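From first to last, the protein sequence lines stand for chains P and C.
If you number the first sequence the way UniProt numbering does, the last residue is 460 and the count never jumps.
If you number the second sequence the way UniProt numbering does, the last residue is 375 and the count never jumps.
Quick caveat, the hints were computed from the structure, so don't treat them as lab data.
Fair warning: this is a prediction, and the values are worked out from it, not measured in the lab.
It is possible that part of the hints are untrue.
Stated by the list, open to error - Below are the BS3-like pairs computed for lysine-lysine, each with C-alpha atoms no more than 25 Å apart in a straight line:
#1 P:K439 / P:K362
#2 P:K384 / C:K220
#3 P:K11 / P:K146
#4 C:K350 / P:K384
#5 C:K253 / P:K362
#6 P:K362 / C:K350
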Amino acid sequence: MNTKIQTYLAKQTSAVPLVVFRMLFGIMMLFSIVRFWANGWIEKLYLEPTFHFSFYGFEWVKPLGNYTYLLFAICGLAALSVALGFKYRLAIITFFLTFTYIEFMDKTTYLNHYYFISILSFLMIFLPAHVSFSVDSYLKKVSYSKVPNWTIDSIKLLLGLVYFYAGLAKINSDWLFKAMPLKIWLPSKYDLPFIGENLMQQEWFHYAMSWSGMFYDLAIPFLLLYKRTRLFAFIIVIFFHVFTRILFPIGMFPFIMIISTLIFFDANFHQKIINFVAGIWKVLRQEMSLAIQAPIKVVDRYQVQNKRVLMPVLFMFFMIQMLLPFRYFAYPGELFWTEEGYRFSWRVMLMEKMGYTTFTIKNKETGAMFVVDNSDFLTDFQEKQMSFQPDFILEYAHFLGDHFAAQGHEYIQVFAESYVALNGRLSQPYIDFTVDLYKEHESFQHKTWVLPFNDVIKGL
Amino acid sequence: MFKKITSVFILVLSIVACSSSDDATSGSGSSADGFNRQSMLINWADTIIIPVYQDLNSQLAGLVTAKNTFNAEPNQVNLDAFRASWLNAYKVWQYAEMFDIGQAETINYYSQMNIYPASVIEIENNIASGTYDLSHPNNQDAVGFPALDYMLYGVGASSDMDILAIYTTNANADKYRNHVSDLVEQMKTLTQSVLTNWTSVYRDQFVGSTANTATSSTNKLTNDFIFYYEKGLRANKIGIPAGVFSTNPLPTKTEAFYRGDVSKELALTALDAVQDFFNGKAYKSNATGASFKQYLQYLNTVKNGEDLDVIINNQINVARTNIQGLNANFTEQITSNNAQMTDAYNELQKVVVLIKLDMVQSMNIRVDYVDADGD
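Could you put the whole structure together from the sequences, leaning on the hints where they help?
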């Protein structure tokens with residue numbers, strides 16, 4: 001067994017797929033940052049709100065005022081630098097840190113695909129994606145044609161995990177036997193040309209999409225792994241992501257997934273991309289009549305340094321990735337309802353959940369109370385996200401308590417009146433109105449003041 | 001292999017590029033099996049919105065006449081006629097306030113018609129100076145129905161004699177007559193422009209915008225409807241004066257405060273307007289057409305859910321019964337027994353949950369939250 005692992009780890013393969021992945025990843029990230037900036041979302045999401053929702057333990061991560069733009073600029077430059085393979089290690093570390101910082105500034109904007117970018121860039125810190133066809137390689141005058149096979153496999157594994165876990169999450173009675181939430185989402189796409197008024201309204205179609213979505217997620221990693229099914233799988237990947245892109249406002253995610261799955265193709269395919277880019281570069285160089293560069297020494301094998309540290313780190317990383325989505329087993333109650341263990345688990349487009357939550361500030365001594373107008377403190381988007389997620393509700397309750405305490409109110413108690421509707425069920429009371437949330441504190445413990453979900457969703 | 005993949009890829013890019021850019025196109029409204037969204041827009045426009053504006057416009061024409069008669073001869077009879085005309089128009093206004101769309105939205109129609117409580121200081125300043133821009137945002141609480149409420153019931157100490165004296169023997173009587181005239185004319189002008197816009201161009205634009213985007217007619221008007229119910233009706237008419245949002249009750253913040261005894265009538269009229277709109281009931285007629293109610297019924301057949309339309313109507317009826325039990329004068333109700341007032345508020349509040357949460361979720365309306373990615 002041990003020797004098998006040793007042999008596997010020693011196995012070498014062409015570096016080209018990894019190098020192409022690095023370039024495409026960098027370009028897409030640069031484009032994402034530019035798009036985010038150009039849409040005015042930095043201003044809208046990070047500078048306009050007066051209050052920001054933090055992840056537990058990361059309350060110190062906040063937008064930096066106008067320096068937030070600088071943060072995005074650094075992140076974008078780091079992405080460019082990754083694409084070029086210029087000071088790669090520094091660039092990818094910078095990218096990982098700035099991107100993750102951005103995502104942690106306000107959890108209102110949490111998206112699974114941002115999380116995916118964060119952990120993927122973390123993984124890439126440890127991969128030799130710059131050993132050829134990069135500025136680093138050009139400057140050092142040395143290029144490696146082969147890298148350890150596991151470096152490419154690790155990316156495949158991470159992608160496979162994302163798909164597979166997303167598929168597992170779809171194995172639940174709402175998704176499969178009620179076709180929820182697609183039964184809500186698809187009919188509202190009546191304005192799509194050709195299919196909006198007929199296909200999107202059909203119940204069988206909602207079920208067909210639910211079931212095929214689950215099978216797609218579970219099967220696609222394996223279909224991509226085997227050479228015989230690979231092209232077919234890739235076409236399905238494209239179809240699936242294009243379809244979801246048309247249906248839902250999911251931004252860059254489809255492109256990122258489509259391009260990422262190219263890593264499954266063999267080296268010949270990637271070599272052609274390299275040749276194509278190299279061809280352009282050659283023409284350009286001739287046009288600009290640049291001096292012929294000194295020849296680059298080509299070395300066959302790239303040996304990874306510091307294996308003793310690296311291997312345990314990567315092992316731990318993947319163990320966490322595999323276990324984290326199952327942490328919800330540690331909590332009582334329905335996961336979709338309490339959302340304890342919901343994030344960071346590839347539960348993507350899985351439920352239609354909305355809430356309506358208002359807060360009452362009460363003076364414990366006099367009994368005087370009043371209701372807060374949420375729009376005084378939150379943007380519409382923040383209020384929407386806050387209204388159905390207990391950790392948001394608690395954090396905001398504390399913010400309100402502190403705010404009114406600072407205004408001179410005394411003996412403050414904060415109560416939340418909250419209603420939540422999940423996957424087409426009628427709205428139900430969500431938070432125990434008799435619990436003073438100002439006295440409750442955030443933790444990884446079960447939140448006892450979330451009222452029980454009066455229904456059952458079976459499955460994973 | 002490379003060529004195959006590349007060509008597939010380029011094809012996809014072009015599909016995605018096209019699909020994401022045509023957000024604004026409107027889908028066809030008709031369909032054989034589904035719910036006909038355009039028929040809902042047509043029903044709203046032709047049997048509710050435009051008839052309401054037509055009635056409001058003619059009520060305001062009557063108000064202009066009554067005002068002219070009064071200004072020509074400020075006596076008790078003409079004052080009573082002026083007041084009656086004001087109340088009639090005010091009741092029709094309760095049907096119109098929720099349609100903050102099109103020209104009404106552009107010119108901030110609602111904020112120039114019914115922001116209360118009126119600011120006595122600003123009104124008196126305007127009268128004293130004689131020069132003012134009534135459409136200026138600073139004058140929002142010095143114009144419209146609340147300003148007339150003050151002019152007809154609040155100027156002068158207590159009796160009608162005192163009020164008539166303001167328009168006759170007072171040193172500034174001219175200025176008062178001019179001002180009350182300007183206020184009425186402004187309301188008429190604004191309403192006329194909103195109505196004309198609807199009948200000339202906006203109606204077709206409105207019914208043609210059937211897509212499910214943040215700016216399409218259904219989505220905007222649904223947002224308006226909910227916003228009006230939550231703010232204009234629930235909060236302004238009941239919640240704020242009852243002190244729900246403040247440490248103490250604010251009995252002077254009722255609608256038609258100076259007149260006093262009509263705040264309940266206005267609130268009930270507004271609730272009728274909301275319920276009629278929800279049910280697609282034609283204005284001043286018993287005919288019903290495509291509506292939120294029918295849409296929810298259709299969606300329920302898709303998802304086999306509970307009869308949300310019935311639940312909503314029932315809860316509105318409960319709220320109505322509660323309001324009917326209140327004093328005709330909310331100010332008096334609040335000072336005598338505010339608990340009853342907050343009870344009524346609580347029943348109204350339950351409707352907010354039903355329409356803002358359950359109804360919006362069923363319809364999967366794209367509410368105009370920030371335009372950001374989801375996943």
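A quick look at each hint next to the structure:
Proposed proximity of P:K439 and P:K362 is supported: the alpha carbons are some 13 Å apart, at most 25 Å. Note on P:K384 and C:K220: the hinted pairing holds, with a Cα-Cα distance of about 17 Å set against a maximum of 25 Å. Annotation: proposed proximity of P:K11 to P:K146 holds, straight-line Cα distance about 10 Å (limit 25 Å). Proposed proximity of C:K350 and P:K384 is supported: the alpha carbons are some 18 Å apart, at most 25 Å.
Restraint check for C:K253 and P:K362: the C-alpha separation of about 22 Å stays at or below 25 Å, so the hint holds. About 21 Å separates the Cα atoms of P:K362 and C:K350, which keeps this hinted pair within 25 Å; it holds.
The structure is consistent with each of the numbered hints, conforming to all of them.
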